Structures are given as structure tokens and as C-alpha cells.
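Enquirer: Sequence:
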Amino acid sequence: MEDKKSIAVIGEREFTVGFELAGIQKTYGKENYKEKIQELIQSDELGIVVAEKSDVQELPERIRNDVNKSVNPVVVALSEKAEDSQLQDKIKKVIGIDLS
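According to our numbering, the sequence shown is numbered sequentially starting from 1.
No wet-lab data here; the hints were simulated from the structure.
From a predicted model like this one, the values you see are computed outputs, not experimental measurements.
Treat the hints loosely; a few may be bogus.
Claimed, not checked - Here are the simulated DSS-like cross-link-like pairs (lysine-lysine), alpha carbons at most 30 Å apart as the crow flies:
no., residue 1, residue 2
1, K26, K4
2, K30, K4
3, K34, K5
4, K26, K69
5, K69, K53
6, K5, K26
Stated by the list, open to error - Listed next, with one range per pair, are the computed distances between beta-carbon atoms:
no., residue 1, residue 2, range
7, D44, I24, 15 to 21 Å
8, E61, E20, 29 to 35 Å
9, I63, R13, 21 to 27 Å
10, S79, K4, 27 to 33 Å
11, G23, I63, 24 to 30 Å
12, A22, E61, 28 to 34 Å
13, R62, V17, 29 to 35 Å
All C-beta atoms in this analysis are idealised placements derived from N, C-alpha and C, irrespective of residue type, glycine included.
Construct the entire structure; sequences and hints are all you get.
Expert: Encoded structure:
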């Protein structure tokens with residue numbers, strides 16, 4: 001039987017509330033952001049971590065590199081203008097298939 005992984009969202013309340021309304025239960029605010037995102041990318045229970053791109057860009061370089069290289073869970077950094085190619089690259093890295 002396959003282990004089901006969950007989704008976590010981290011960011012400002014305005015960012016996370018929509019995910020909560022969609023049924024995502026693991027949402028986190030920006031308190032202790034650096035420590036929390038590191039904890040999330042080390043979690044075996046998560047398949048996807050959703051974060052605001054601007055928050056990820058503000059992380060120290062070492063942590064940002066860890067976040068960007070994370071495959072399990074994959075970190076999806078969203079911005080107001082979606083960057084499809086970055087998301088496609090991450091999906092390809094996770095499942096090994098180019099969806100374009």
C-alpha cells in the first residue's frame with residue numbers, strides 16, 4: 001500500500017487562508033520562518049510544501065538552495081505571476097516525466 005503524503009502551506013495569513021478553505025490542514029504562519037521551512041523540507045509526511053516566492057527569495061542562500069533542491073517534498077514557490085516553466089521543472093524532477 002502506498003503512503004499518502006500531505007501538503008503544507010507556509011506564509012502570511014492572506015496567503016494561507018485560501019488553502020485552508022480548500023481543505024489543506026497543515027498551514028503555518030511566518031513566525032520562525034527559516035526554522036519552520038527547514039523543518040518542513042525534512043518531513044517524511046509531506047509531498048508538497050507551498051510557499052510565497054518572495055519569502056523563499058529572502059531566505060539565506062544556504063537555506064534557499066536547500067529549499068530549491070528539495071524533491072521530497074517538492075517546494076512550490078508561488079508568486080502573483082505564475083512561472084510555469086519553474087513548476088514544470090519541479091514536476092519533472094519529482095515524477096521523472098516532462099509534462100509539456
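Enquirer: Holds or violated: K30 with K4, Cα cutoff 30 Å?
Expert: holds (26 Å)
Enquirer: With a cut-off of 30 Å on the C-alpha distance, tell me whether K26 and K4 pass.
Expert: Judged against 30 Å, a Cα distance of about 14 Å means the pair holds.
Enquirer: So does R62 sit 29 to 35 Å from V17, Cβ to Cβ?
Expert: Cβ of R62 to Cβ of V17: about 30 Å, so the range 29 to 35 Å holds.
Enquirer: Looking only at beta-carbon atoms, does the pair G23, I63 fall within the given range of 24 to 30 Å?
Expert: holds (29 Å)
Enquirer: Measuring from beta carbon to beta carbon, are E61 and E20 in 29 to 35 Å?
Expert: At 31 Å between Cβs, range holds.
Enquirer: Please verify whether K5 and K26 have alpha carbons no more than 30 Å apart.
Expert: holds (12 Å)
Enquirer: Range first: 21 to 27 Å. Now tell me if the beta carbons of I63 and R13 are that far apart.
Expert: This hint holds: roughly 22 Å between Cβ atoms.
Enquirer: Could you say whether the range 27 to 33 Å given as a hint is met by the Cβ separation of S79 and K4?
Expert: Holds, at about 28 Å.
Enquirer: 28 to 34 Å was suggested as the range; check whether the CB atoms of A22 and E61 agree with it.
Expert: holds (32 Å)
Enquirer: Is the straight-line distance between the alpha-carbon of K34 and that of K5 30 Å or less?
Expert: Status holds; Cα separation ~22 Å.
Enquirer: For D44 and I24, compare the CB-CB distance with the range 15 to 21 Å and indicate the outcome.
Expert: Since D44 and I24 have Cβ atoms about 18 Å apart, the given range 15 to 21 Å holds.
Enquirer: Would you mind confirming whether the straight-line C-alpha gap from K26 to K69 stays at or under 30 Å?
Expert: Cα-Cα ~22 Å, so holds.
No hint from the list above goes unmet by this structure.
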